[in-house]
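Please put together the full structure from these sequences, using the hints given.
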Amino acid sequence: MKNENSRRSFLKNIALASFATLALSGCDMKALEEFLQQNFRTLSKKEKNKIIKNLAIDYKKKYGKEFNVSDKPALEGTLFGYALDLARCVGCRRCVYACVKENNQSREPQVHWIDVLQMEKEKGIDFAHSTSQYNPEKVPSEGHFYLPVACQQCSNPQCTTVCPVKATWQEPDGIVVVDYNWCIGCRYCMAACPYGARHFNWGEPTIPVEEINTEMHYLGNRPRMKGVVEKCTFCIQRVREGKYPSCVEICPVGARKFGNLLDPESEIRYILENKRVLVLKQELNTQPKFYYFFGI
2 MKNENSRRSF LKNIALASFA TLALSGCDMK ALEEFLQQNF RTLSKKEKNK IIKNLAIDYK
62 KKYGKEFNVS DKPALEGTLF GYALDLARCV GCRRCVYACV KENNQSREPQ VHWIDVLQME
122 KEKGIDFAHS TSQYNPEKVP SEGHFYLPVA CQQCSNPQCT TVCPVKATWQ EPDGIVVVDY
182 NWCIGCRYCM AACPYGARHF NWGEPTIPVE EINTEMHYLG NRPRMKGVVE KCTFCIQRVR
242 EGKYPSCVEI CPVGARKFGN LLDPESEIRY ILENKRVLVL KQELNTQPKF YYFFGI
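Residue numbers (my numbering): 2 to 297.
Incorrect hints may appear among the rest.
Claimed, not checked - Under the rule of at most 16 Å between Cα atoms (straight-line distance), these lysine to aspartate or glutamate pairs were calculated in the EDC-like manner: (1) Lys102 - Asp180; (2) Lys73 - Glu242; (3) Lys276 - Glu67; (4) Lys73 - Glu211; (5) Lys227 - Asp180.
Hints in this document: simulated from the structure, not taken from any laboratory. Computed from a prediction, not measured in an experiment: that's the story for all the values here.
Dropping the structure here:
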């Protein structure tokens with residue numbers, strides 16, 4: 002809380018000192034309010050509703066479409082987990098582009114939340130000799146297997162501990178989120194993440210109007226801005242509505258599994274209890290909720 006108060010004081014002092022300049026440049030009170038907006042976690046329901054309403058209006062002006070922006074909270078009794086069958090994944094990358102479309106990722110500069118790595122079967126999981134730049138005539142390539150990597154949704158996330166302004170945190174359902182309005186772009190979280198799962202917007206993101214997904218969540222797939230960090234959120238706008246993440250639905254071989262870790266009857270629990278399961282970089286004790294397994 003001390004860091005948040007310091008940030009608020011810093012921003013308020015800048016805003017007050019620069020108010021005359023902002024007024025002369027045509028900046029209205031709404032823009033100033035957005036500049037001084039508190040962390041989303043601290044807002045009342047009334048304040049959140051106002052922000053959500055304004056976002057929908059702003060997006061309609063920019064893209065010419067009606068938008069549904071949600072702030073639906075975590076579901077009670079739910080802890081999301083993900084499992085990926087390495088024996089089935091063929092490296093087709095359909096998950097990558099389904100994720101791009103669903104989560105309004107920038108096409109230029111290009112941003113991908115999922116990175117599919119091609120590895121040699123003889124070497125096993127070997128990041129040093131893997132590549133994401135494979136381009137054979139067809140997949141899978143003989144003698145290779147594929148390991149997709151995205152946010153591991155750690156139970157002990159190092160990315161959240163290093164953020165100086167608390168712009169990123171873990172929700173009760175296990176999803177690690179980012180408040181883009183609060184992010185200051187310092188990239189400490191990127192340095193702390195051992196999976197390379199966070200991405201910085203070096204340029205102003207661009208999304209074709211005809212391809213934008215109008216079903217959004219404030220903490221998920223709403224369009225980002227230049228100078229902030231973004232990441233996979235398990236398609237928070239979908240899973241909190243009882244749907245699967247887009248990458249799970251698109252997978253042509255059924256390699257991706259998703260569910261509630263607290264439900265003993267769920268498929269994800271069956272996998273954890275009956276299959277050969279591993280997590281990446283277990284020695285770091287980040288305790289991922291993204292599991293890899295061998296279904297065969």
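Verification of the supplied hints:
Proximity of lysine 102 to aspartate 180 is assessed by CA-CA distance (about 20 Å); at most 16 Å being required, the pair is judged violated. Our distance criterion of 16 Å between C-alpha atoms is met by lysine 73 and glutamate 242, whose separation comes to about 9 Å. For the given pair, lysine 276 sits about 45 Å from glutamate 67 by alpha-carbon distance, which is inconsistent with the 16 Å threshold. A threshold of 16 Å between alpha carbons decides the hint, and for lysine 73 with glutamate 211 the separation of about 26 Å lies outside it, so the pair is violated.
At most 16 Å may separate the alpha-carbon atoms for a hinted pair to count; lysine 227 and aspartate 180 meet this at roughly 14 Å.
Checked against the numbered hints above, the structure breaks hints 1, 3 and 4 and satisfies the rest.
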